[in-house]
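Undergrad: Sequence:
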Amino acid sequence: MSLQLTPIDRAKYAAARRAVDLVEDGMKLGLGTGSTAAWMVRALAERVREDGLRLTCVATSARTGQLATELGLKVVTLDEAGWLDLTIDGADEFDTDLTLIKGGGGALLMEKIVATASDRMVVITDASKEVKTLGHFPLPLEVIRFGWQSSRMLTEELLSAMDVMGTQAALRMNGETPFVTDEGNYILDLALGRIGNPRQLSLALNQVPGVVENGLFIDICDAVVIGFGDGRVEMRDIASGSVEHEKIVFEDEDNIFRDI
Numbered sequence: 000m001s002l003q004l005t006p007i008d009r010a011k012y013a014a015a016r017r018a019v020d021l022v023e024d025g026m027k028l029g030l031g032t033g034s035t036a037a038w039m040v041r042a043l044a045e046r047v048r049e050d051g052l053r054l055t056c057v058a059t060s061a062r063t064g065q066l067a068t069e070l071g072l073k074v075v076t077l078d079e080a081g082w083l084d085l086t087i088d089g090a091d092e093f094d095t096d097l098t099l100i101k102g103g104g105g106a107l108l109m110e111k112i113v114a115t116a117s118d119r120m121v122v123i124t125d126a127s128k129e130v131k132t133l134g135h136f137p138l139p140l141e142v143i144r145f146g147w148q149s150s151r152m153l154t155e156e157l158l159s160a161m162d163v164m165g166t167q168a169a170l171r172m173n174g175e176t177p178f179v180t181d182e183g184n185y186i187l188d189l190a191l192g193r194i195g196n197p198r199q200l201s202l203a204l205n206q207v208p209g210v211v212e213n214g215l216f217i218d219i220c221d222a223v224v225i226g227f228g229d230g231r232v233e234m235r236d237i238a239s240g241s242v243e244h245e246k247i248v249f250e251d252e253d254n255i256f257r258d259i
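In numbering that gives the first Met the number 0, the protein residues as written are 0 to 259.
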């Protein structure tokens, strides 16, 4: 029985399929984390099976690494791989400058390290993630567990002087206990509503004692691939200013789940 994908999943898969077309034999790749990135990992494994690509992959989270390994991809650490050719990842929000909010899946620290250790970062997403002004999606802030309440208090005090609408910082939970990242840290989700100056905010947040990293990705993303439920994709390259449109044909929707 063929799997019936929802329109949002078809959009994510279309973007993922287009992005993995950028992958060439012998590349060293960064693999993102999240629902859209999971589609990319499956599409990448399909290309490896069909085209015999030889790739070295670095995962941005334990769950991405597990999925990639289960699908037959070669996964190593970033230190083992060295510099990467390309990172493909999702985003929670992006604007026209390709400034991103990431970290909804809790992997923002490793995602930022891997993306900045790459020649190129391509974001895959659906059209709902594009915004005129960042901030509707809560901004994740990774903090160490020691003194996290002090870090939250200092963060909220700082936000009162920033160009944002809200100042509340909530500890992310996993059921009855705090969510813990792969690095053993907590995440504060900042309900900002609007971020008037992402660059200023990012610099200020990273000065708060106890803050490890924030989820603003500035001057990191090079291109975005936007998927739509009917299989259309739009690819925008910020360096060249080019915009490309294609249509992905869904031939066998359950093919990418064959080895899961």
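I should point out that these hints are in silico values taken from the structure, not numbers from a laboratory. Since this is a predicted model, take the numbers as computed values, not measurements. Please note that a few of the clues may not be correct.
[Said to hold, decoys possible] Label pairs and their computed distance ranges (CB to CB):
#1 Asp20 x Asn205: 27 to 37 Å
#2 Ala238 x Gly81: 28 to 38 Å
#3 Pro177 x Asp236: 33 to 43 Å
#4 Asp162 x Ala61: 15 to 25 Å
#5 Asp118 x Thr76: 14 to 24 Å
#6 Gln3 x Ala160: 46 to 56 Å
For each residue, glycine too, the CB sits at the ideal point set by N, CA and C.
Undergrad: Can you list which hints this structure breaks, lowest number first?
TA: Hints 2 and 4 contradicted; others consistent.
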